[in-house]
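Protein sequence lines, in the order shown, are assigned to chains A and Y. For the first sequence, position 306 (counting from the first letter as 1) is numbered 305 according to numbering that gives the first Met the number 0, and the numbering increases by one without interruption. For the second sequence, position 329 (counting from the first letter as 1) is numbered 328 according to numbering that gives the first Met the number 0, and the numbering increases by one without interruption.
A couple of the hints might just be wrong.
Listed next, the stretches of chain A that the computed footprint assigns to chain Y, with coverage defined by at least 3 CB atoms under 8 Å from CB atoms of chain Y [unchecked claim]:
(1) 58 to 64
(2) 72 to 86
(3) 91 to 103
(4) 158 to 170
These are calculated hints, taken from the structure and not from any lab test. Nothing here was measured: the structure is a model prediction, and the numbers come from that model. Here a beta-carbon is modelled for each residue, glycine too, at the ideal position from N, C-alpha and C.
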Amino acid sequence: MAGQVTYLEAIRQALWEELEQDERVLLLGQDIGTYGGAFRVTAGMLERFGPERVVDTPISESAMVGCAVGAAMMGMLPVVEMQFIDFISCAFNQIINFAAPNHYRWGQQVPMVIRGPSGGGVRGSAYHSQNPESYFQHTPGLKIVAPGTVADAYGLLKAAIHDPNPVLYFEHKYLYRRLKDELPEGGAPVPIGKARTAREGRDLSVFTYGAMLHVALEAAGRLEADGIDLEVLDLRTLKPLDQEAILASVRKTSRALVLTEEQTTGSVAGEVAARIAEHAFPWLDGPVTRLCCPDTPVPYSPTLEDAYLPNVDKLVAKVRELANF
Amino acid sequence: MAKLSKNWGPLHPAAEEPVERLAKTELPAERQLDLYRFMKLNRMTEDRLGSLYRQNKVVGGLYSSRGQEATSVGSAYALAPQDFVGPLIRNLGVMLVRGVKPREVMMQYMARSDSPTGGKDGNTHFGDLSRGLVAPISMLGALIPVMVGVALAGKKQDKDLVALTYIGDGGTSTGDFHEGLNLASVLNAPFVLIAENNGWAYSTPTSKQMKVRSIAIRATSYSIPGESFDGNDVLAVYEATKRALDRARSGGGPSLLEAKTFRMKGHAEHDDAGYVPKEQFEEWKPKDPIERFERHLLGNGLATEEDLKRITAAIDEELSSEVDRALASPMPPPERAFEGVYAEGVV
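Only chain Y is shown next, with the shape it has when bound in the complex (with noise of 0.2 Å):
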């Protein structure tokens, strides 16, 4: 049952001391350093969708994962390559880790031709059964039962499977949220829920969400694990959700992980976030996922400043690179809205 301390502290956890002390973790230097370079990816990627919507490239809404780069990142690398995952809005890296190449986003977001959906969805609104990734909706909480029905089907045909999926702290107010959660629980489904908690939905605080300190202490209604942890420590997401999953696929049911991160952009690009308090942001920029693990590279001997500078050299070429294929395709024939409505066939 849930290792549940009494004392949760407080919602997002004041900053640490300079020396940079990230979770424990076995993962060798190398692939540690992939960590980074998935991170970095991620930040990098986002960095060039957001020059593309400034010339105006990106049709619709423009989303920002800046700051929570260590939960995506940190959560699907420890995902097994059998296992399935249904990332959020604000979990490109997830999906970079899943194998996405940055310029299938890239079209999504210019509504392109050769992007995933063919310009009939947008951003990271795809799917790919093949690489383990299902495709969310924009109503939150939907995608939670749909996971569970992932994590029963892969159960039933003994795939040693586990399905994952996120919720912020605002979607942990959606029925869906409880249940799903309480349907994985009374089934016993080999799933992980992560809730990420950056403080803000939209304009909504997290105080206006809920009355709980902690979203992790919920698992104790449904009588499973929970646990809460550093969102911004992408050693501590990745052992969590290594022990969650671990867990699930030994056939220990369910668990319900609370990522603390925060939130450093407005719910979309048009949006300031002129609502929250600029406390708030200074009291987050020197917890930067990023920079915090780069410390906790450097401090360690894991890389040289050296190592560091040729990896983030190498995605930006590569990044170049994605770009100008992106761009390249052209808009989808009008003729396309009109097809696939139903799928074809008998099964």
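So here's chain A without its partners, still in its complex pose (with noise of 0.2 Å):
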């Protein structure tokens, strides 16, 4: 066995074994080479891959993404790093306009990945915190995971590199060096698209992805002893939804509660209420439920972002209120 990687260790070996095995990846990104990333996940490539496959750019994320658009539609596969996944806004443009729709406006496929470290919890204020998914979750064309488990932080990179279209891959900083795991030997692609029942059960369905899973499992255990028995689903991929998932499960249990970390109004969270009000209301023994967070922007303080971002206490008090309904 591999043994026990952490979940940057999973997206550092992926990869580092693409780089390997496949000529046609490419790293593009501020700092990625010389420096190794500001979280070290491309640390040793420059020195092993050289500066044609590890691309130390300039301040320029517009530049950086359509580099990567022009290099994808010539056949190769860039693999762009945004170094916090707030400025991925500076690229907007390039993603919503170049490459998502340039499949459908002209038949061209853009197989690239831009990932980068999203999320709070870790006290990085309003622009090293962000959960940027729904800006895209809007976007035709583009696909959208988020893993929340090292199998997943491996499986989903692999999977995104080799997808035809862009993929917009959101790793979770707060996961980084916080969660290990054993890395299956020979770890395959976690197809995208596809969600995952991280834990059986039958009394309420909790959706959620990233670093939010870990407190729906957390809680999962502990509303156990007030005999409420939670089924938590990992999406994984946030665009496409696994719908048929999520309803099945809703079909289960007959109580859906969403949990993102995202600001609530306009989240993906909001969607999947949508999908489940929409196709699964006769099922309902409750309204869908949401709890993300406040429509604020991140903010800085301890005291503060533990107020902003969804927690353990949060979610159990919200269980039971929709477990009463």
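Work from the hints to combine the two standalone chains into their complex.
See below:
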């Protein structure tokens, strides 16, 4: 066995193997070469694979993504690192207007990945803590994945690199070194578009992803004592959503709670809730409920950020409310 | 480094004297006639599109490159077969030189089923990598970093290719113009950017886009060669582009070229360009790139009046058939609207 690796090492291993095995793979990003990346995800890759495949770029997010679009059209498999995913906003136009609609508009595929650390809980404040998924959820032609486990961090990245579409890979920085697990030997790609039942349960379904998966699993343990049996579905892919898996779980438990780390309004959670309301209404025993962040920027001070983020206590309270509906 | 002269001259130089003196070239007569044919094809295709527009056959807007044909044709003609180019809305001539048939563009404008995008997109917004063509998007500047990526991939793949794209005077004000050129420069990409300074970005004159007197001077910011030339002299365009392409191909990195030209129509067909002072049209009319090239060909004994008439008549005949074929294509089936968002399979 490969032994235990961290979530970050799983990302690193997937990248390393891809560079090793596939000449088309190419990394672009800021400080990824000589420095090895702000979180050391790409450490040693410049030395091993050279500056033509591990490209340190200027602080030009839009040009990094644009350049990847061009290289992808030419048959390369570029992986762009956003130093923090918050900076993806600087490349918004290239992503939503160039990469995403390219195949629909003129039939030319754009196989590329944009990855970067997302999420809060590390006191990163307004520009190093964001969850930008919902901005992109709206855009046809993109795929979005957000791994919450070591195996998925590895397997979804492998799948993303070999997907013929632009894939946004949102890794959660809170999990980087906190999460440790076995990586299956000769690990396989994890198919994009498939959710995973992280915990089977009878009474209530929690739909979540990323770091919030672990909040849900911990809450499930605590709620067992109350006799509430939570089902936890790890969405893993946010676009396209695994609607069948979501609806199947609702049909089983008749209660649905969506837990995400985004501001509430216009969130991925809202889309999940809408689909449940639209397609599983007859099965519901209570309102589809969301537990997300309030509609504020991400605050800095620990007391403020803790108040902002969902946590086990907040989830347990919400679940009890919904279970008693 | 840059062959930057201190004296940039006026933004748009005054009319030449009646004797037509175009840039020196080694191109033989037969290839110069090729340039002539493509410029005429460019203009006459747009004239046909104008007729289709007035017959309400064009679904969206119609964009004209009248007066700028030399820039598109001369630059595209300098490309090697393996090169890639990303034309903008006023670069129909580039597409024609790369082998696009007029009917493809007509069907695009008329949103027909057999257009290259099957009706999903319009005008010149289509590409075909087998002809080295990358489709633009409407957001100006965006193609610059994309074509830098094409150039880098080509370098990595040992394809000996150069990537070329265009920007207008207005588009130089975008962030992608700077990000893209800077990235090309630091990575020494085999890339050429031609800035078409046609005096107007929709209704905004160049003087409101920038204070510099020449776009080419901005090359110094990237420590790359910059060259400004007469964009209405097809030979000057060809020669300058060729120099930049050769330099890029031999490892000399990117260049920024500026073609000084003039937009002889509005931003699009609906726009009467009432904001452009009449004197500007009058000043540029005698500098029409096609008429100047005709005077050059005739004056230097490279062609006879008969030759030029024959070329024009052949194009006219070809275009009649192209219009018929384009009109014969139906509108796309509605269900196509839902297809093709994602590419399928594994790469």
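Hints versus structure:
1. 58 to 64: Since three or more residues must qualify, the claim that chain Y covers the segment 58 to 64 of chain A holds, with 5 doing so at under 8 Å.
2. 72 to 86: holds (count 6)
3. 91 to 103: Three-residue rule met by the segment 91 to 103 of chain A, so holds; n is 7.
4. 158 to 170: holds (count 4)
Going down the numbered hints, you'll see the structure goes against none, and every one checks out.
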